[in-house]
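K.L.:
Below are the chains, spelled out letter by letter.
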Amino acid sequence: MTDWLPIKQIAEQVNTGKITAMSLVEKSLSLLNKHADYKAIIVAIEDRARERAEAIDKQVSAGESAGRLAGVPFIAKDNFLTFGSETTAASNILRGFHAPYQASAIERLEAEGAICVAKANLDAFAHGSSTENSDFFTTLNPHDKDRVPGGSSGGSAASVALGMAPFALGTDTGGSIRLPASFCGVVGYKPTYGLVSRSGVVAMGSSLDVIGPLTRTVEDAAIVFDVMAAKDELDATTIDRDELDYSSFSSSSLQGKKVAVIKEYVGEGLDDDVRAAVEQTVTRLKTAGAEVSEISLPSLPLALAVYYIICPAEVSSNLSRYDGQRYGFSSTDAATVDESYEFTREQGFGAEAKRRIMLGTYVLSSGYYDAYYRKAQTVRTKIINEFLAAFADYDILVGPTSATPAFKIGENSHDPLKMYLTDIMTVAVNIAGLPAISVPSGARSSLPIGVQFIAAQTHDRDLLAFAHAYEELSS
Amino acid sequence: MALPKETIDKYLPTIGIECHVQLKTKTKLFAAVGNDARDALPNTLISHICVGMPGALPVLNQAAVDLAAKAAFALKTRPQPHSVFERKHYFYPDLPMGYQISQLNDPIIVGGHVTIEVDGEQKDIGIERAQLEADAGKNTHPEGADYSLVDLNRAGTPLLEIVSKPDIHSAVEARAYVRELFLLMKYSGVSDCDLYHGNMRFDVNVSVSTNPTELGTRAEVKNLNSFKSVEASIEYEITRQIELLEKGTPIVQETRGWDDAKQKTLAQRGKEEAHDYRYFPDPDIPPVELDNAYIASIENSVSKLPYDWRTQLRDVGLDHNLVETLLDVEVEDESVTYLSEIEKVISNPEQAKVYALWIVNYIVPAERDGKLAASQQRSGILASVYELVKDGRLSSNSVKALLILMLANDHLPPDVAKYAEQQGLIQESDEGALSAIVKDVLANNPKAVEDVRSGQEKVIGFLVGQVMKQSLGKANPAIAQEIIKKQIGI
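These protein sequences, in sequence, are chains R and D. Sequential numbering from 1 applies to the first sequence in our numbering. Sequential numbering from 1 applies to the second sequence in our numbering.
Same shape as in the complex, but just chain R:
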């Protein structure tokens, strides 16, 4: 991995004039070039990044603080609306789209001096677990070029693993931050639903979508999250955040922490090395004084089914706006407005987007709504309640982030159902709106393995402190 200092120290050095923001931007841009063959990046934002670096350096030489993230370069998944480049969500239908406004999360990071240097590849519209559904190209896993980086935030995870920038942003609807983080050997943090504004992020499943950082350390993730977390008047689903800084861990002791391994996540079908990694995690936690037991959440096996009803339903609705009438791709073959809709969407959407639109349209159709969507919501409530009951007894739940390490490119892409199964360990957290973090823990030869820690809603600080303490044990 490349030598970036912890984010806190980078910002300190920039603010004290020890290094310039410009040198950091140049370093990041040259690394983007150096690792271009991994295809983690859709587009670099060179001009705007240099302009911002210049402004920050001026600010510093004028004796002002340039913020908690002064000069820190970062890479945003290309479903974040940003200035200075196109925003495509890795979809053909959004080719040529220049955002007239920026995502609230980007605005908050920029206000603290962070500099967006590039947009990362993803499965188009974040539909997928491998970046193979990108309408442009597949990103390669930094640890094995024959393997996927995971998805949908695969470009973000790979770019951090390759050291292109100290942090990247991802979105997590069913595991899209945690899964690629585990495949690429980085930290991936999915906060409580509602703590980070979704405004200006291309929507996938609105009731599930969460924004979070991918970093090399838990502390970096906590700092980036702390800057982004805020109630936003542009997103009615945002909630009040903690008043305290999420990255000021009061205690990094694991002594007496009540931890439970989720039984349903360590059952049959688990890769041996992944099982060994979870067991090793349990051993370390116990050694550090945590009380570790096992818990069963009997409705968890239903989570994937619930997810693949609710998520496509919301997807089918959220993708309605891509109709070729106002922005992005518009088919020139059409003679009527109806043809314009039909041809634009036929030609502009990839196979996975079409599959999810059809699934979602089906489950919302009159006559099927009760059997699918309403039923799924009922089971969703059941899953939420099982988690609530578990958190009455435990501080943290533990499980693998994925049943296997990174799979080979093309291994699952012919079989959508098999691909959907890669989300099996991660979707329940989104269904319940919980905070969860995937941290590197173990490996199968060169392939990293991730373990995820899950906490109760809004217990983000506890979760980050716990993961930070665990990270210190394993390092």
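Simulated from the structure, these hints should not be mistaken for lab results. Since we're looking at a predicted model, the values are computed, not measured. Incorrect hints may have been included.
[As the list claims (entries may be wrong)] When the alpha-carbon atoms are kept at most 30 Å apart in a straight line, the in silico DSBU-like pairs for lysine-lysine are as follows:
(1) R:375 with R:263
(2) R:231 with D:390
(3) D:88 with R:375
(4) R:231 with D:26
(5) D:304 with D:264
(6) D:123 with D:228
(7) D:88 with R:382
(8) D:400 with D:371
(9) D:138 with D:10
(10) D:138 with D:123
(11) D:418 with D:353
(12) D:390 with D:469
(13) R:58 with R:27
(14) R:354 with D:88
(15) R:39 with R:145
[What the hints assert, rightly or not] Here are the computed distance ranges between Cβ atoms for each label pair:
(16) R:366 with D:357: 55 to 65 Å
(17) D:40 with R:16: 23 to 33 Å
(18) D:40 with R:47: 27 to 37 Å
(19) D:223 with R:58: 36 to 46 Å
(20) R:382 with D:276: 23 to 33 Å
(21) R:374 with D:147: 41 to 51 Å
(22) R:16 with D:296: 52 to 62 Å
(23) R:230 with D:215: 52 to 62 Å
(24) R:18 with D:44: 44 to 54 Å
(25) D:149 with R:47: 33 to 43 Å
(26) D:275 with R:47: 44 to 54 Å
[Stated by the list, open to error] Example chain D residues on the side facing chain R (calculated, C-beta under 7 Å, incomplete):
(27) 48
(28) 51
(29) 52
(30) 55
(31) 87
(32) 88
(33) 91
(34) 93
(35) 97
(36) 98
(37) 276
(38) 283
(39) 284
(40) 286
C-beta: ideal position from N, C-alpha, C; glycine also.
For this one, chain R is given, so just place chain D on it according to the hints.
P.N.:
Chain D alone, transformed into the frame defined by chain R:
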């Protein structure tokens, strides 16, 4: 078209009305963008939300909820403590997100009623529900062009769609219902109710049946924007449907439009498309939860409504027509209020009545002609003129002249009597001065005097007229008549 009355009478028409009321908010239902598209250039009142940009999230405008909650009280019910926005999906160029945000299963208003009066009889028209929803934009199709234009200024304007129960059974009742709805929304401050700019749009469902317990097949006439077109289109539909049924032709369930020039309804589509809107709760908008304290505060903020005014005005003895006229003229111009002037003197029924007549007969016509200044002194002016009338010092002609003069200049002199005199508007009631004029008139009209003496009393009127003329209109006619009689000796 001429159906015999006994044929028409066999059928019971049943009508339900959906009314889209544009709420009087400063900004749109889900975006902090100006709402008044009346004079704006196309696509100038838009934001990333109105255009349906990627990542744009609707955020509910609390002011729209406040107004909808107020509307509930105007409709004699209370707002629902829990309501939910849902997405209604269809593709159309004026619908940027590919779905309209509306309410389906949990609207903000359920129930309520509107009381109408037709031919002196009161009747309650039930309200099924009323839902908050965002308006679409506007498509225009330039004549001869191979393109259409889309203006999204209106996209996202807050509407309250008020759905009546099928309790209406004639075109006249329908008209009374929409007028009453108009007054309710206007008086409660829920809407500007600018019909010309489409602030209220009506869809009417009409069916006829010979069996009062079974509804006939209905036709829907959409997008009516005046009381007159509501009445006329229903009238037309009833006749059309009866004629078809009399010929043995079944009614087709369909959407029709109203052609105002031809005064007829026309089928809009060949057949009803089977829409599946795929409604589901909008995950971007948390459910609207209204607690008791909030609902009570809205209830307290509801202003005086038409039915409150009716009770009060009828109690002081104003007749039905005068009351309804007052209710109508009150809302002609936002900046002017008449009813509050009457309210100030409501403890004196005679004065209130006089005010009502002045308003309807003198002040409103002058206001409409743009003759009156915005007045701070209206109450004082009315009261002072009323004092002079009570003393018998103003002729009816002079009342109008003096009122309009003072209101036009927004001028309330310290001594109104003196001012009226200077303006030559005071009635000559002084017997001495009048006697001289009468003497003169009688001397110049001996034939008339003779006629009066021989019993033709109505000729007195002619003589009074002559006195008025000679006094340049200042004579008090009642006193003049008495002096004439005295001098002639009858």
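K.L.:
Hint by hint, note whether the structure agrees.
P.N.:
Here's how the hints hold up against the structure:
1. R:375 with R:263: Distance of about 25 Å is within 30 Å: holds.
2. R:231 with D:390: violated, 66 Å
3. D:88 with R:375: Between residue 88 of chain D and residue 375 of chain R the Cα gap is close to 20 Å, so the pair holds against 30 Å.
4. R:231 with D:26: Holds. Residue 231 of chain R to residue 26 of chain D sits at ~24 Å (cutoff 30 Å).
5. D:304 with D:264: At roughly 38 Å apart (the allowed maximum being 30 Å), residue 264 of chain D and residue 304 of chain D break the hint.
6. D:123 with D:228: Holds, at roughly 21 Å.
7. D:88 with R:382: At roughly 27 Å apart (the allowed maximum being 30 Å), residue 382 of chain R and residue 88 of chain D satisfy the hint.
8. D:400 with D:371: Holds. Residue 400 of chain D to residue 371 of chain D sits at ~13 Å (cutoff 30 Å).
9. D:138 with D:10: Violated - the C-alpha atoms of residue 10 of chain D and residue 138 of chain D are around 42 Å apart, more than 30 Å.
10. D:138 with D:123: Cα-Cα ~37 Å, so violated.
11. D:418 with D:353: holds, 26 Å
12. D:390 with D:469: Roughly 24 Å separates the two Cα atoms, so the pair holds.
13. R:58 with R:27: Holds, because 19 Å separates the two Cα atoms, which is no more than 30 Å.
14. R:354 with D:88: holds, 20 Å
15. R:39 with R:145: holds, 10 Å
16. R:366 with D:357: 55 to 65 Å: Distance hint for residue 366 of chain R, residue 357 of chain D holds at roughly 59 Å.
17. D:40 with R:16: 23 to 33 Å: Between residue 40 of chain D and residue 16 of chain R, where Cβ atoms are some 51 Å apart, the hint is violated.
18. D:40 with R:47: 27 to 37 Å: At 35 Å between Cβs, range holds.
19. D:223 with R:58: 36 to 46 Å: For residue 58 of chain R against residue 223 of chain D, whose Cβ atoms are near 59 Å apart, the range 36 to 46 Å is violated.
20. R:382 with D:276: 23 to 33 Å: holds, 28 Å
21. R:374 with D:147: 41 to 51 Å: Roughly 42 Å apart at Cβ, these two residues keep to the hinted range, so it holds.
22. R:16 with D:296: 52 to 62 Å: Holds - the Cβ-Cβ distance for residue 16 of chain R and residue 296 of chain D, about 58 Å, lies within 52 to 62 Å.
23. R:230 with D:215: 52 to 62 Å: holds, 55 Å
24. R:18 with D:44: 44 to 54 Å: Holds - the Cβ-Cβ distance for residue 18 of chain R and residue 44 of chain D, about 49 Å, lies within 44 to 54 Å.
25. D:149 with R:47: 33 to 43 Å: holds, 35 Å
26. D:275 with R:47: 44 to 54 Å: holds, 48 Å
27. 48: holds, 5 Å
28. 51: holds, 6 Å
29. 52: This hint holds: residue 52 of chain D lies near chain R, its Cβ roughly 4 Å from the closest one there, short of 7 Å.
30. 55: At 4 Å from the nearest chain R Cβ, residue 55 of chain D passes the 7 Å test, so the hint holds.
31. 87: Result: holds, 6 Å to nearest chain R Cβ.
32. 88: Violated, about 10 Å.
33. 91: holds, 5 Å
34. 93: Given a least distance of 6 Å, the restraint on residue 93 of chain D holds.
35. 97: Where the cut-off is 7 Å and the nearest Cβ of chain R is about 5 Å from residue 97 of chain D, the hint holds.
36. 98: holds, 2 Å
37. 276: Holds, because the Cβ-Cβ distance from residue 276 of chain D to chain R comes to roughly 5 Å (cut-off 7 Å).
38. 283: Hint on residue 283 of chain D: holds, closest Cβ of chain R at ~4 Å, below 7 Å.
39. 284: holds, 5 Å
40. 286: holds, 6 Å
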